[in-house]
Structure formats: C-alpha cells, structure tokens
Amino acid sequence: MTFGEAFFGMSWLDAIIRIVIVVLLMTVVVVYLTYGERKVIARFQMRLGPTRTGPAGLLQGVADALKLLCKEDVRPRNADRWVFEFAPYLTFIPVFLVLAALPFARDWGVRNLALGMFFVFAVLGLNIVGVLMAGLGSGNKYALLGGVRAAAQMISYEIPLVVALLAVAMLAGTLDLNAIAAMQESRPFVLVQPLAFVIFLTAVLSELHRAPFDIPVAESEIVGGYFVEYSGIRWSMFQLAEYAALWAFSIFGAVVFLGGWQFPFGDDWGWWWQLILTLVKSLLLILLIFWVRATLPRLRMDQLMSFCWKALIEVSFALLLVNGLFLYFGWSEIILAVVNWAGAAAFLGAIYLRAIRKPAVENLVGAYKHAGVSPP
Amino acid sequence: MITEVLWWIVAAGVVGASAGVVLSRSVVHAAIFLILSLAGVGAIYLFLTVEFIALVQFLIYGGAVTVLILLALMLTRMGASGRPEPLTGAQAPFGALVAAALMATLIGVAVATAWPGDLGGSPTAISIERIGAALFQNYGAPFIIMAALLLVAFVGAIVIARQEDGD
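Residue numbers (this note's numbering), protein chains in the order written: chain A, 1 to 376; chain B, 1 to 167.
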C-alpha cells in the first residue's frame, strides 16, 4: 500500500470535485444566511428587514458581497504587515476543514473519517490562531482587547463542548460521524442526552461569538473587536468564516444530536431525503441561534468566564461520569434518558431562577467601594 | 508519486518555519512560525498514517500550547508587535550546542532502534481502540498519576497567580 492509498483512499479528482461542490454550496448558504439573519432579527423586532433589492430583498446578500469586493482594502501604518494580511485566511481554513469532514448524506461528505468527531475538535482549536493574529497584527488596542477576550472565551468553552460531545460518543461507541448518524435510526440522541445538547448549544454560541456571548466583537464596548481595522475583502473573509462556522456547527450538531441524515426514514427514502433532512435540521439549529440573539442581552466578561468554569464544565464532567456508570453497569437507555432529562431540567431551572432573582447588594462594589458611600 | 511531492513540500515547510522561529526578529513572528512548524509536524504524522497522533498534535500543540504563548505575549507586551528586538544573547552558542546534541541523539535513536510493526518499510496503522485499551488498561496507573500531577500543578498555579484583597 502506498502512502497515497493509505491516506487519501479515493482518487484525487473525486476529492477535488467534492470540495468544489461543498465550497459552492457554502458560499450560497453564507450569502443567504446573512440575509436570513437580518430578516429573522427584523421580524423579532417588528421590522421588515431588507425588502428593496430583488423580490423580497432576496438579492441583498449578493449586493452586499459585490459592495465589499469593491471597497478599498485599508491597512493601518503600524500594523504588522504579514500577520495582518494572513489572519483572515487563517480563520477561514479551520472552518473549511470542518466542512470537509461532515457527512451530508449516507457516506456523502468530502471525506468520511474514522476519527471524524476528533478531527472536528482538533481543527477547531486552530480557529483561535487567526483571531489572535488579527488582534496582535492590527496595531490597535481595541483589536488587541478583542483578540484577548476571544481567545480566553474560545479556549474556555472548548472544554465543555468537547466533553459534552464525548459523552454522546461514549453512548455511540464510535467517533465516526457517519456511524453516529446511522445509529440514530429509532431515536435521535437529543432524546437520550438533552443535557449534552444544552451544553453543546451554549458552548457553540460562545465559540461562534454569537449573542449573548458576543463580548469579543461587542460594538458598543470595544468598537467591533479583533477585526476593527479590517475592511473590504479581508473583512468579508472574517464574515465568511463566521457564517460558514455557524453553518458547519449546525450541521455537526444536527448529525450528532438530531439524527443527521438518518432520522426519520433516512434509509428508506433515498439520498435526496437524507440531504433535505441534514439541511433542514441545520437550518432549524441556526434559527434557534438567531432566536437566542434576538432574545437575550449580552453578558459581562466575568459572568461569561465564571459561567463556563463554575457551571458548564462541572455539569459536563458529571454527565460524562453518569454515562460511564450507565455503560459500565449496562442499565437500560430509558433510565439514562430520564436521568438526563431531569439533569437538563434542573440545570435550566437553576439558570432561570438565578436570572430572575432579586439583586442582593451586600457588599459595596466598584466606585462605591472606593468612595465609601452607601449604595442608593 | 504525488504524495511524495507533497511530503517534500510539507517537510520543506517545517524546516523553513523552524528556521523562522529562531531567526525572526520579533517574538510574535517567532510564535506564529512555531504554530506553522508544529502543524507541519502534524501533517508529517498524517503521511505516516498515525492519524490519531496527528490530530493530537494539531489539538495540543497547534491549538492549545501556541495559543497560550500568543495569549501571554498579548497580555505582557501590549502592541509591541512587529518591532525588531534582539532575540539572541550570550547564551546563544550554548543553545546551539544543546540543540545539536539533542538532534544527534534523536537521529541516532531513531535510526538505531528496530521499531516493532514496520513491515517492508511501510508504516502500520494503529486503531484508536488499541490506543485507548493500552492507555486505560495496561497503562492505567501511570495515566492516573500523570492526571493527578497535572491537577496539582494546575491548583498550584491558580494559588500562586491569585491575588487576595490583602496582598
């Protein structure tokens, strides 16, 4: 066996055609995701959103893309030239690699890897590098702040994300994404592991810098974060990477938790139904993410970090432990599902109770503390 | 054929990036070259068909370690990116000596050892199940001791870094 056969398996032409199809699909999806987000958010705020460009504003994304391509590409004088110019591409490469490992229908992805889920984790870690390079290379304090915030946030939330997905991989007994999807013929894993799904969604919101975790790109605080200094085509590379990552994560979540191309009737109705299932499920997850953005206000940085380190990580490790116990003693899946639903209800209930509690000011904080005056 | 060409490109990239780490004039550039170099080593692992090790290399060295270095740079030298600064001092010859000795040792060990499982010069793929079984069954105790050691170091680092009101 030569290296080529061992590693790449199929022919080069086949791989290139598949990559081209996925990239084209991704470009169209990203253009319409920006349109879709504006429409959905507008409806939540009782507005209309884009209506003028094309029928119902459908060409808005195309017009925006053309405008961005024509804009001047400005580079600040004290920016670090090569770091500044390569950073947008480095944020995009990991997202693209994730897309190459996802199964869209039975055995249909760019590559079906035996370690698919682990590949996604490994590649996601590289995503931070581009953000950090943008923050460091811009020669701008706001960009630096945004980069530091983004890196701290992404490193932290990667842990509960990975642990919650590993809990599901334990039940499936494999890391192969195609096999995980095929296993969900009778029930999607979200019915068995709702707590893992909640942790996954929360961590994904944070990894993508979506509201309420959009602190690194908060316009009202640090004027836009790590891509402050970018304009034109490089700025649009950041946007492309962000929306492509949103789509990739949604497909990933749909495959792992919602049954991917398999549930329901995936095997019986053929490949077109499998493709529709994957895409519709991923769009539902994206809609949920937009919905969260329209509903919740932005958190503070310390709230964000303490929520991850003091709540999410502990809960996800407990989940891993409980799943291990169930697998070791071979208890039935129904009991596991009931325990997990109870856990998810308790977790969400605790968050809700904490959110609606009355603020109890016991100690003076901030400026009051230094001035020594009593709070109003 | 095309795989061998790719291998040479990746290998040249690793060597070039490693040279960039020690020769570049700015710490930020050196850190970014380090990421390139480590990711290239991960790609070399892919050519050797040890996919799991390759992915671990990307995850730990490409993702976590170098990000920590970059984060530390951001927190300590605000906006010092791109400015040239001297990276070599009086200890440079000793560093070169240690590096040369280490390289000689590693090459000697790699060439002299009869590695198990190499059939006819081509590498054998090892499944993740075998790695998992070895890690958690045969070598379970060392694994747990390592984990405890890391936990102690972690708690110790937090205690040292933490500043109470009175400090």
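Mixed in with the good hints, there may be bad ones.
Rough simulated footprint, nothing fancy, chain B against chain A, three-plus residues with beta-carbon under 8 Å [said to hold, decoys possible]:
{"hint": "1", "stretch": "142-149"}
{"hint": "2", "stretch": "285-293"}
{"hint": "3", "stretch": "308-317"}
Taking CB as the label site, the calculated pair distances span [claimed, not checked]:
{"hint": "4", "chain 1": "A", "residue 1": "A350", "chain 2": "B", "residue 2": "M103", "range": "29 to 39 Å"}
{"hint": "5", "chain 1": "B", "residue 1": "A12", "chain 2": "A", "residue 2": "F265", "range": "16 to 26 Å"}
{"hint": "6", "chain 1": "B", "residue 1": "I144", "chain 2": "A", "residue 2": "I41", "range": "40 to 50 Å"}
{"hint": "7", "chain 1": "A", "residue 1": "V292", "chain 2": "B", "residue 2": "V111", "range": "22 to 32 Å"}
{"hint": "8", "chain 1": "B", "residue 1": "G132", "chain 2": "A", "residue 2": "S231", "range": "24 to 34 Å"}
{"hint": "9", "chain 1": "A", "residue 1": "S231", "chain 2": "B", "residue 2": "A148", "range": "42 to 52 Å"}
{"hint": "10", "chain 1": "A", "residue 1": "A337", "chain 2": "B", "residue 2": "A12", "range": "49 to 59 Å"}
{"hint": "11", "chain 1": "A", "residue 1": "I334", "chain 2": "B", "residue 2": "I131", "range": "26 to 36 Å"}
{"hint": "12", "chain 1": "A", "residue 1": "G173", "chain 2": "B", "residue 2": "I126", "range": "50 to 60 Å"}
{"hint": "13", "chain 1": "A", "residue 1": "F329", "chain 2": "B", "residue 2": "I131", "range": "39 to 49 Å"}
Derived by calculation from the structure, the hints in this document are not laboratory data. Glycine residues also receive a C-beta, built at the ideal position from the N, C-alpha and C atoms.
Please flag the earlier hints that this structure goes against, numbers listed from lowest up. 2, 3, 4, 5, 7, 8, 12 and 13
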